[in-house]
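Visitor: For this one, chain H is given, so just place chains Y and P on it according to the hints.
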Amino acid sequence: MPMIEIKNVGKWYGEFQVLTDCTTQVEKGEVIVVCGPSGSGKSTLIKCVNGLEPFQQGKILVKGISVGAPATNLPKLRSQVGMVFQHFELFPHMSITENLTIGQIKVLGRNKDEATDKGLRLLDRVGLRAHAHKFPGELSGGQQQRVAIARALAMDPICMLFDEPTSALDPEMINEVLDVMVELVREGMTMMCVTHEMGFARKVANRVIFMDQGRIVEDAAKEDFFGTPRSERAQQFLSKILQH
Amino acid sequence: MGNWDWQVFCKNTIDGEVISSCFGRSGDITYLDWMLSAWGWTISVSLLGLAVALALGSLMGILRTTPNRGLVFLGNAWTELFRNIPLLVQIMLWYHVIPALIPPLKGIPSFLLVVAALGLFTSARISEQVRAGIQSLPRGQRMAALAVGFTLPQTYRYVLLPMAFRIIIPPLTSESMNIVKNSSVAFAVSISELTLFALQAQEETSRGIEIYLGVSALYFITAFAVNRVLHFIEQRVRVPGLIAAGGK
Amino acid sequence: MLNLDFAFLTPEVLSSYVLKGFLFSLQLTVLAMLGGVALGTLLALMRLSSKPWLIMPAAAYVNTMRSIPLVMVILWFFLLIPLATGRPLGAETSAMITFTLFEAAYYSEIMRAGIQSIPKGQVAAGYALGMTYGQTMREVVLPQAFRNMLPVLLTQTIILFQDTSLVYAIGAYDLLKGFEIAGKNFNRPVETYLVAAVVYFVICFSLSMLVKQLQRRIAIIR
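Residue numbers (my numbering), protein chains in the order written: chain H, 1 to 244; chain Y, 1001 to 1248; chain P, 2001 to 2222.
Next up, chain H with everything else stripped away, as it sits in the complex:
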C-alpha cells in the first residue's frame, strides 16, 4: 500500500478553484519534491494531506486511512504525519524542550521523563542539545527550523511533510536545515517536500512534481524531470529557477 495516495483532488475557495484534479502517490521511503510558481497550489496540496486544509473533491489516503472521511480521527492521523512549516511555528511561550515534549505528552500520552529523554536525543541529532533550556525567540531561524524538525520527529511519524522549509531563512542558514533533511532521507523517511531548492531535489528526491495554477503538470522521476522535462511550463520554470 502506498504511504500517501492523492486521487483527483479538487479544492475551491468560494468560487475560485485552487486545486484541479490532482493525482499522485508516494511509496514508503520515497522522497517527492513539489515545485512550481507561487500560486500554483503546492502549499495548499500538501496541507490537504494532513487535513489542515479541507478539500471538496477526490480522495486522499494516508496509509489507507481516508483524510477527508468524516469518521476519520484526524488528530490521531495528524500525530502520525510530521509537518514542518515555512515559518517554523515553534511555540514561543514554551522552552525548546517543552516544544519537543508537549506533543508527546498531550497527544501520545507518554510520560514526562520518556518524552524529555526522546526530545533531548533528537535535539542532539540536529546539533542543538546545548539550547534545550532556551526559548525560540533566542534562536536563529535556521536553529528554530531544526528544532521544528526535531519536534515533528519526536512524534515518531510514518511520513513527513515539508512546506517550503527554507524559504524564510537567510541564505547562510539554508544548508544547515537541508543537511538535516538529507540525513532523514538517508534513514529512509518518506517525505513530501514543497521547496524551491533544486539542489536538494537533485540530490535526494526520487520524483519531482511540478504544479501550475492548481494542476499537477508534471510528475516524473528526478532524472527525467531535470534532464528532459516534457511540459513547456516546467521548462520555463526550470530555466528561470536554475539561473542562480
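Bear in mind the hints are in silico, worked out from the structure with no lab data behind them. One or more of the hints may lead you astray.
Here are the simulated DSSO-like pairs of lysine-lysine, each with C-alpha atoms no more than 30 Å apart in a straight line [what the hints assert, rightly or not]:
| no. | chain 1 | residue 1 | chain 2 | residue 2 |
| --- | --- | --- | --- | --- |
| 1 | H | Lys134 | P | Lys2051 |
| 2 | H | Lys76 | P | Lys2120 |
| 3 | H | Lys112 | H | Lys134 |
| 4 | H | Lys63 | H | Lys240 |
| 5 | P | Lys2120 | P | Lys2212 |
| 6 | H | Lys7 | H | Lys76 |
| 7 | H | Lys203 | H | Lys28 |
| 8 | P | Lys2184 | H | Lys134 |
| 9 | H | Lys118 | H | Lys106 |
| 10 | H | Lys240 | H | Lys222 |
| 11 | H | Lys28 | H | Lys59 |
| 12 | H | Lys106 | P | Lys2212 |
| 13 | H | Lys118 | P | Lys2120 |
| 14 | H | Lys63 | H | Lys118 |
| 15 | H | Lys76 | H | Lys63 |
| 16 | H | Lys240 | H | Lys59 |
| 17 | H | Lys76 | P | Lys2051 |
| 18 | H | Lys203 | H | Lys7 |
| 19 | H | Lys63 | P | Lys2120 |
| 20 | H | Lys240 | H | Lys106 |
| 21 | P | Lys2051 | H | Lys59 |
| 22 | P | Lys2120 | H | Lys7 |
| 23 | H | Lys59 | P | Lys2120 |
| 24 | H | Lys222 | H | Lys28 |
| 25 | Y | Lys1106 | P | Lys2184 |
| 26 | H | Lys106 | P | Lys2120 |
| 27 | H | Lys134 | H | Lys118 |
| 28 | H | Lys203 | H | Lys240 |
| 29 | H | Lys76 | H | Lys106 |
| 30 | H | Lys63 | H | Lys28 |
| 31 | H | Lys28 | H | Lys7 |
| 32 | H | Lys112 | P | Lys2120 |
| 33 | H | Lys134 | H | Lys63 |
| 34 | H | Lys28 | H | Lys76 |
| 35 | H | Lys63 | H | Lys222 |
| 36 | H | Lys59 | H | Lys7 |
| 37 | H | Lys28 | H | Lys106 |
| 38 | H | Lys118 | H | Lys76 |
| 39 | H | Lys106 | H | Lys63 |
Guide: Then chains Y and P, alone, in the frame of chain H:
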C-alpha cells in the same frame, strides 16, 4: 411576569389616567412626554460634553506630542488626573466641592456642572487617542513639514492633525458612544435625564420592565445615531488610496 | 473661601465608615475580574468558532451589554433577578452578579483581539502535532493570548474598579458611599468628597503605573 402594560407610557403622571393620544394637553404630561424630555436632556448633556471633551482633549493630546517637556508634562498630568478618578466622583466634586471652594460658581446650573465633569473626564480619554494618532504618523511627516519651513503650529495644523484626526475616527466614534452612556451618571445630581426618569418612573408606576425597555431603547438609538453620523463623516473625509484613514 | 477642616477624618472614623465600603469595592472588583475574564474568554471563543449557533448568542450578548449604560444594566439586574428567583435580593449581591456579567462583555472583546492576534501558523502547528481544538487552545493559543493581553486586561480592571462607584444607583455600600455617609454624619461633604477623589486617584494611578511596568517586562520575544 407575563403581563405587559405598554399603556403605562400614556399614563398621566399626576393621576395615572391613560390619555388616548399618549401626549399630554394643557399642562398635564404623560410618561411618554417625560421620557422624551429626559431624552432631550441626555442628548444635550452628551453633545455639550463631547464638544468640551473634543476641544480640551485634542489640545492636551497635541501638547503631549510637542518637543517641549513642560507642555508634555502638562498634557500628561491633565490626562492622568481626569482618567484616574471615577466619573461619578468627579461629578460629586463639581456639584458639592467646587462651588463651595469657588463661591462665584455657586449660581451655576447643575446642568453645566455635569457637562464640565463629563467633558473633562472624556477629554482625558480623547487626549490619549489624539496622542496615539499623532504618534502613529511616520516621523518623516513632521520633518518634511519643518524642512519646508513651517513653524511647529503650522506643522500641526497643515500636516499632522489632518491625518491624525482621520486615523482616530474609529476610536473617537467609540468615545462619542461612550459619552452618551456615561451621561447616565448625571442622575446622581438630579439632572432630569433618561436614567433619572427610569428610576423615578419605575418607582411611581411599578412597571419597571416597560420603562427600562423604553429607556434602554432610547440609549441604544442615540448611540447608534452617533455611530452613523461619525461613519458618514469618516466616509466624507476619507483620503483616496490610504487604508489607515477610514479603513475598518 | 477655604474653610476646610480635615481633622475629623481620624483613623477611627475612616475604619468605621470607609473601610467597610473599601472592602466591598475591592471584593466586587476582584470577583468581577475573575468571573468576567473567565466568562469573557468563553464568549470570545464562541465568537471565533465557525458555528453560527455559538457566534450569534455570544455576539448578541456582548453587543447588548456594550450598548446600554452601566447604570441601566445595574438597574435592570436589580429589577430582574428578584423576579426570576422569586426572592428579594440585596444590593451588594445584585452588584456582584451584574458586574461579573457586564464586564465579561468587555473582557471578551479584549480576549477576542488577543486570540486573533496569534498567528494562524501556531494553530496549524498544534493541529499538525495531532492536538485537538481543546488542546490547541489550552496549550498553545490561550497562554499566548493571555500573556499578550494582560496589560489591557489589567487596565480594564482599573476601569472596573472605577465603575464600581456606580452601585450608588442601588444604594450598595461601596467606597464612595462610605465617604458620603461620613461626610453627612459630620456635615463636611466638601472635605470627604475631596478625600474620596484623592483616594481613588492614588489607587488608580499607582495601579496604572504598575501595569505600564508590567507591559515592559512581559512581551514574549517572537
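Visitor: What are the numbers of the hints that this structure violates, sorted from low to high?
Guide: 1, 4, 8, 12, 16, 20, 33
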